[in-house]
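Hey, can you work out the whole structure from these sequences and the hints?
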Amino acid sequence: MKTARLIYNPTSGREEMRRRLADILDRLDQGGIEATTHATTGEGDATAAAADAVNRGYDLIIAAGGDGTLNEVVNGMAEKPNLPPLGVLPLGTTNDFARAMGIPKHWEESCDLIIQQQSRLIDLGKANDRYFINIAGGGTLTELTYEVPSRLKTMMGQLAYYLKGIEKMASLSPTELVIRASGQELIHDEFMLFLIANTNSVGGFEKLAPDARIDDGLFDVIALKKCNLAELIRLVTLALRGEHLQDKKVVYFRTNEMEVTSPGHVQLNLDGELGGTLPGHFRILPQHLRIFAQNT
1 MKTARLIYNP TSGREEMRRR LADILDRLDQ GGIEATTHAT TGEGDATAAA
51 ADAVNRGYDL IIAAGGDGTL NEVVNGMAEK PNLPPLGVLP LGTTNDFARA
101 MGIPKHWEES CDLIIQQQSR LIDLGKANDR YFINIAGGGT LTELTYEVPS
151 RLKTMMGQLA YYLKGIEKMA SLSPTELVIR ASGQELIHDE FMLFLIANTN
201 SVGGFEKLAP DARIDDGLFD VIALKKCNLA ELIRLVTLAL RGEHLQDKKV
251 VYFRTNEMEV TSPGHVQLNL DGELGGTLPG HFRILPQHLR IFAQNT
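Each residue of the sequence shown is one higher than the one before, starting from 1 at the first, in full-length UniProt numbering.
Source of the hints: derived by calculation from the structure; they are not laboratory data.
Among the hints, erroneous ones may be present.
[Stated by the list, open to error] Distance ranges between label pairs, derived from CB positions:
(1) Ala-230 x Glu-43: 16 to 22 Å
(2) Arg-283 x Ala-22: 37 to 43 Å
(3) Glu-257 x Arg-19: 23 to 29 Å
(4) Pro-104 x Pro-263: 44 to 50 Å
[To be verified] BS3-like, lysine-lysine: derived pairs with alpha carbons at most 27 Å apart:
(5) Lys-105 x Lys-2
(6) Lys-207 x Lys-226
(7) Lys-207 x Lys-249
(8) Lys-126 x Lys-2
(9) Lys-225 x Lys-105
(10) Lys-207 x Lys-248
(11) Lys-126 x Lys-80
(12) Lys-249 x Lys-225
(13) Lys-248 x Lys-226
(14) Lys-249 x Lys-226
(15) Lys-207 x Lys-225
It should be emphasised that the depicted structure is a prediction, and the values quoted were computed from it without experimental measurement.
Even for Gly, the Cβ is constructed at its ideal location relative to N, Cα and C.
In structure tokens, the structure reads:
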């Protein structure tokens with residue numbers, strides 16, 4: 001019998017985790033995994049719980065919730081030696097990481113994936129002194145992800161993000177950024193956003209970084225130059241088809257390390273959560289964490 005620490009956000013995914021907890025524990029137990037639980041109570045709690053779980057020697061850790069809960073758990077694990085593998089029960093609003101990794105959204109199937117013990121090594125990103133598993137970014141268009149109240153996300157799901165996006169469109173403004181990357185010329189321009197992708201699934205768009213791979217030791221970097229609303233709508237249409245990377249308004253390159261600075265105040269977004277402010281130093285940690293997921 002393997003031991004697991006199940007760290008879950010009771011408010012994620014319209015509170016589905018709260019309703020399904022007994023069923024999940026029973027399914028894991030039937031599969032040979034004895035799990036104890038920790039319900040998160042606020043910001044940073046999942047990070048502390050994950051660090052404690054590693055220290056206590058659990059055979060595996062399971063993060064149940066959305067991308068924000070997963071980000072906190074990863075931050076609690078990342079700097080520990082002898083990391084146990086991590087399972088994911090995607091019960092949040094967008095579940096970008098789970099989508100990219102082919103982790104089923106239905107709790108029964110995602111539990112079975114953990115029970116089967118099929119895993120793979122993945123890269124992690126580090127932004128200053130914090131970690132991210134899927135995406136880092138900044139600029140006006142990234143701010144809506146952490147401006148949506150958690151209660152609204154619980155009630156309305158991904159529609160809450162769209163409503164917030166419509167609200168912000170009237171006040172879109174570019175941000176002056178200086179981007180330096182290994183092997184790249186300095187880029188100094190006005191941008192609507194920059195994204196540093198570790199997977200191909202970002203903000204519900206599965207083709208925003210179509211060539212990103214989570215185990216190749218590289219970030220896929222996308223930056224959108226200053227544009228008006230009509231141009232933005234055109235680019236969103238292209239992005240839905242994965243045809244935006246060659247557009248003149250888009251800067252795209254791959255790197256394992258980079259720096260972004262700005263003369264203004266720019267907040268960082270890490271896996272959909274507030275991650276401090278610029279300046280930012282970003283580097284990749286190749287194949288740093290083992291995840292229960294389908295091998296590809």
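Here's how the hints hold up against the structure:
For Ala-230 and Glu-43, the Cβ-Cβ distance of about 38 Å falls outside the hinted range of 16 to 22 Å, so the restraint is violated. In this structure the supplied range 37 to 43 Å holds for Arg-283 paired with Ala-22, their Cβ-Cβ distance being about 42 Å. For the hinted restraint 23 to 29 Å between Glu-257 and Arg-19, the CB-CB distance of approximately 43 Å leaves it violated. For the pair Pro-104 and Pro-263, the beta carbons lie near 45 Å from each other, so the given range of 44 to 50 Å is met.
Restraint check: the Cα-Cα separation between Lys-105 and Lys-2 comes to about 23 Å, which is no more than 27 Å; the hinted pair holds. About 21 Å separates the Cα atoms of Lys-207 and Lys-226, which keeps this hinted pair within 27 Å; it holds. Among the hinted pairs, Lys-207 with Lys-249 is consistent with the structure: their alpha-carbon atoms are about 17 Å apart, no more than 27 Å. The suggested pairing of Lys-126 with Lys-2 is violated, with an alpha-carbon distance near 30 Å, which exceeds 27 Å.
Under the criterion of a C-alpha separation no larger than 27 Å, the hint pairing Lys-225 with Lys-105 is inconsistent with the structure, at around 34 Å. For the hint linking Lys-207 to Lys-248, the alpha-carbon distance of about 18 Å falls within 27 Å, and the restraint holds. Proposed proximity of Lys-126 and Lys-80 is supported: the alpha carbons are some 14 Å apart, at most 27 Å. For the given pair, Lys-249 sits about 5 Å from Lys-225 by alpha-carbon distance, which is consistent with the 27 Å threshold.
The suggested pairing of Lys-248 with Lys-226 holds, with an alpha-carbon distance near 11 Å, which does not exceed 27 Å. For the hint pairing Lys-249 with Lys-226, the CA-to-CA distance comes to about 7 Å; that is within 27 Å, so the pair holds. In summary, the hint linking Lys-207 to Lys-225 is supported, as the alpha carbons are separated by about 19 Å, within the 27 Å threshold.
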